[in-house]
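K.L.:
To convert, take the position in the sequence shown, counting from 1, and add 473; that gives the working numbering.
Hints were generated in silico from the structure; no laboratory data involved.
A few of these clues could be false.
To be verified - Derived DSS-like pairs (lysine-lysine); straight-line CA-CA distance at most 27 Å: (1) K565 - K773; (2) K892 - K773; (3) K893 - K773.
Values in this document were obtained by computation on a predicted structure and should not be read as measured data.
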Amino acid sequence: MKKISLYLICISLLALNFSCDTDEKVVDQVLETYTSGAVLRTLETVPDDEDEAFDMFRTENSFSVTVEEQDETEGELIDRVDLTVDYVDNNKDDNDVSVSGVAYSTIPASAFTVGDRGLPSTSFSFTMEEALTTLNIPLTEVLPGDRIIMNLELFFTDGRSFKASDAAVTVTGGSFFSSPFLYSLLIDDGIAFDYEVTTSDEIDLSEGAVVEDYEASISIDDASEGSLLETLNIYRTFRDLTIGDDNINLSEEEALFETYAIADLDLVDGARTLDISYTIEELLGEDLELSDLAVGDDIKLRYEIITTDGRIVTTDENDTEYFFSISTSQCVQLNADGPYAGDYIINMADSYGDGWNGGFLTVTLDGEEVPGSPFRVETGSEATGEFTVPEGATSLTVVYTSLEWDDENTFTILDPNGKKAAVGSFPRTNGQGPIEYPIELKVCE
Numbered sequence: 474m475k476k477i478s479l480y481l482i483c484i485s486l487l488a489l490n491f492s493c494d495t496d497e498k499v500v501d502q503v504l505e506t507y508t509s510g511a512v513l514r515t516l517e518t519v520p521d522d523e524d525e526a527f528d529m530f531r532t533e534n535s536f537s538v539t540v541e542e543q544d545e546t547e548g549e550l551i552d553r554v555d556l557t558v559d560y561v562d563n564n565k566d567d568n569d570v571s572v573s574g575v576a577y578s579t580i581p582a583s584a585f586t587v588g589d590r591g592l593p594s595t596s597f598s599f600t601m602e603e604a605l606t607t608l609n610i611p612l613t614e615v616l617p618g619d620r621i622i623m624n625l626e627l628f629f630t631d632g633r634s635f636k637a638s639d640a641a642v643t644v645t646g647g648s649f650f651s652s653p654f655l656y657s658l659l660i661d662d663g664i665a666f667d668y669e670v671t672t673s674d675e676i677d678l679s680e681g682a683v684v685e686d687y688e689a690s691i692s693i694d695d696a697s698e699g700s701l702l703e704t705l706n707i708y709r710t711f712r713d714l715t716i717g718d719d720n721i722n723l724s725e726e727e728a729l730f731e732t733y734a735i736a737d738l739d740l741v742d743g744a745r746t747l748d749i750s751y752t753i754e755e756l757l758g759e760d761l762e763l764s765d766l767a768v769g770d771d772i773k774l775r776y777e778i779i780t781t782d783g784r785i786v787t788t789d790e791n792d793t794e795y796f797f798s799i800s801t802s803q804c805v806q807l808n809a810d811g812p813y814a815g816d817y818i819i820n821m822a823d824s825y826g827d828g829w830n831g832g833f834l835t836v837t838l839d840g841e842e843v844p845g846s847p848f849r850v851e852t853g854s855e856a857t858g859e860f861t862v863p864e865g866a867t868s869l870t871v872v873y874t875s876l877e878w879d880d881e882n883t884f885t886i887l888d889p890n891g892k893k894a895a896v897g898s899f900p901r902t903n904g905q906g907p908i909e910y911p912i913e914l915k916v917c918e
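Given the sequences, and given the hints that come with them, work out the whole structure.
P.N.:
Below you can see the structure in the form of structure tokens.
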């Protein structure tokens, strides 16, 4: 009987493009190692990604599982499955509410029915609210990053039992026997926090470099037009990572930089939005100057959302959802002795939306205008152009010619490495006739 089952398993695995030889070894290991044992194979979970089941606001969300019991008697010895629940508090505060091994429910043998594969199967589900009630954990203690873990233990009528610690990794996470005996559900914050830096997240310390304002667009969507959220706090930290021979450390501890009432932010398509803009002087604060910076230093901005019930949503690791760095850099110019070869892109914009009103960009390569030059926004609010610099080119010039309403016109030229080689904006010069502005392209390593 065992050999017949093995052949059938191999045939079905071949249909799924699995290696029969490999999975036969897995099946042999399971049935030989657990001669009198059993597994609860996961057939389906809803949602299929355990990390998308729960969020900290919607306690009604549920997680459901269908499992299939497999043993040598085809389920004749099933007595029950006991479910226990754990809570893992992963937040860095002094109040650890973690708890484990709390009895949740029991699935009796009568709840198993014979499925399409001729083996007993059953389903169960639970909501986050039901789990928290069982755990006796108030919602105000639930924060993103915490986990709810549902553990399964299968009991036989002869007193034997099987749980996660009894099974090998080929059973709990293998391609065929996916039988973890537990489900670890991540709690998300339930907030779509979108953050886009619209200028640059670097401070260029090159001699003569123009340091742009730091600008970013923020969108906060909690699916309730922000009604579940109260405050947005922005914290700033300066890290002096290039302490000089004087051993003076200019680092500044994290401090509140700005704060906003989320209800006061603009509402766009159901999300609260905010555009921020900081000059280099604002970012450095009262005690620092640009000359104090060296390549390697950085400024960090941490965003913190406080919910209406007092919970704090944030992260404190670089490049995570609410934590961003403004680094320092210095251009090692690749086009110092001649044009840098490759494809360049010109992104042009008009803030009023009526085109560049006669303004244009002229790009000349070795004395000849490149195809597409002059570049401009003919109508509307934006346009894109591109040009190519071949190997061996000896000269490249870019000139912006103004005419009217030039303060509406901006552009960015991206080098072949996708970095900003030039950024242009101009004062209004109406009535003064055409004025030419040479544009320096700086291609940095």
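K.L.:
Could you run down the list of hints and mark each one as holding or not?
P.N.:
Results for each hint:
Pair hint K565 plus K773 holds up; C-alpha atoms about 19 Å apart against a cutoff of 27 Å. For the suggested pair K892 and K773, the alpha carbons sit about 21 Å apart, so the restraint of at most 27 Å is met. Using a Cα cut-off of 27 Å, the hinted pair K893 and K773 holds, with the two alpha carbons roughly 22 Å apart.
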